[in-house]
Amino acid sequence: MGNYSQNNWRNTMNELMIGTPVPSAQTDKDKILGAIKEIDASLTRIEAERGLITEIAAELKHEFNMGKKLVNSIAKAYHEGNRSDIDFAFSEFTDFMDHVV
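For the sequence shown, the residue numbers in the numbering used here are 66 to 166.
Since the hints were derived computationally from the structure, they do not count as laboratory data.
Please note that the accuracy of each hint is not assured.
[Unchecked claim] DEER-style ranges, computed between Cβ atoms: (1) 156 x 92: 18 to 26 Å; (2) 130 x 82: 48 to 56 Å; (3) 130 x 160: 27 to 35 Å; (4) 112 x 92: 27 to 35 Å; (5) 127 x 86: 47 to 55 Å; (6) 109 x 160: 41 to 49 Å; (7) 76 x 153: 44 to 52 Å; (8) 110 x 134: 20 to 28 Å; (9) 98 x 151: 39 to 47 Å; (10) 137 x 87: 37 to 45 Å; (11) 108 x 86: 22 to 30 Å; (12) 144 x 124: 15 to 23 Å; (13) 115 x 148: 20 to 28 Å.
Note that CB positions come from ideal geometry on N, CA and C, so glycine has one too.
Full structure from sequences and hints, please.
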């Protein structure tokens, strides 16, 4: 890590710590550490799920020649259940194109 990066990291940490009291009670320290460990475990699960999504998208690309953007867009729309919003946005887009082109 270069000196510039170290300075940026130090400045960021200084900004984050402004006004934050350092806990002295062991119960407070334990509670903070427990929360940090819980966040760490959650981030680990998120990373694993992202890896799985990447693998699934790669399988679809290989088997059906689907692009990553297409797979992700369809999956996101399916997950969010907003097909009607997408239909409306697409119809606005095509209406505009029909009038301009």
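Hint by hint, here is what the structure shows:
1. 156 x 92: 18 to 26 Å: Roughly 58 Å apart at Cβ, these two residues miss the hinted range, so it is violated.
2. 130 x 82: 48 to 56 Å: At roughly 51 Å between Cβ atoms, residue 82 and residue 130 fall inside 48 to 56 Å, so the hint holds.
3. 130 x 160: 27 to 35 Å: holds, 30 Å
4. 112 x 92: 27 to 35 Å: holds, 31 Å
5. 127 x 86: 47 to 55 Å: 54 Å Cβ-Cβ, so the 47 to 55 Å window holds.
6. 109 x 160: 41 to 49 Å: Because 46 Å falls inside the window, the suggested range holds.
7. 76 x 153: 44 to 52 Å: holds, 45 Å
8. 110 x 134: 20 to 28 Å: holds, 25 Å
9. 98 x 151: 39 to 47 Å: holds, 44 Å
10. 137 x 87: 37 to 45 Å: holds, 43 Å
11. 108 x 86: 22 to 30 Å: Once the Cβ atoms are compared, 26 Å apart, the range 22 to 30 Å for residue 86 and residue 108 holds.
12. 144 x 124: 15 to 23 Å: Holds, since residue 144 and residue 124 (Cβ atoms, about 18 Å apart) stay within the stated range.
13. 115 x 148: 20 to 28 Å: holds, 24 Å
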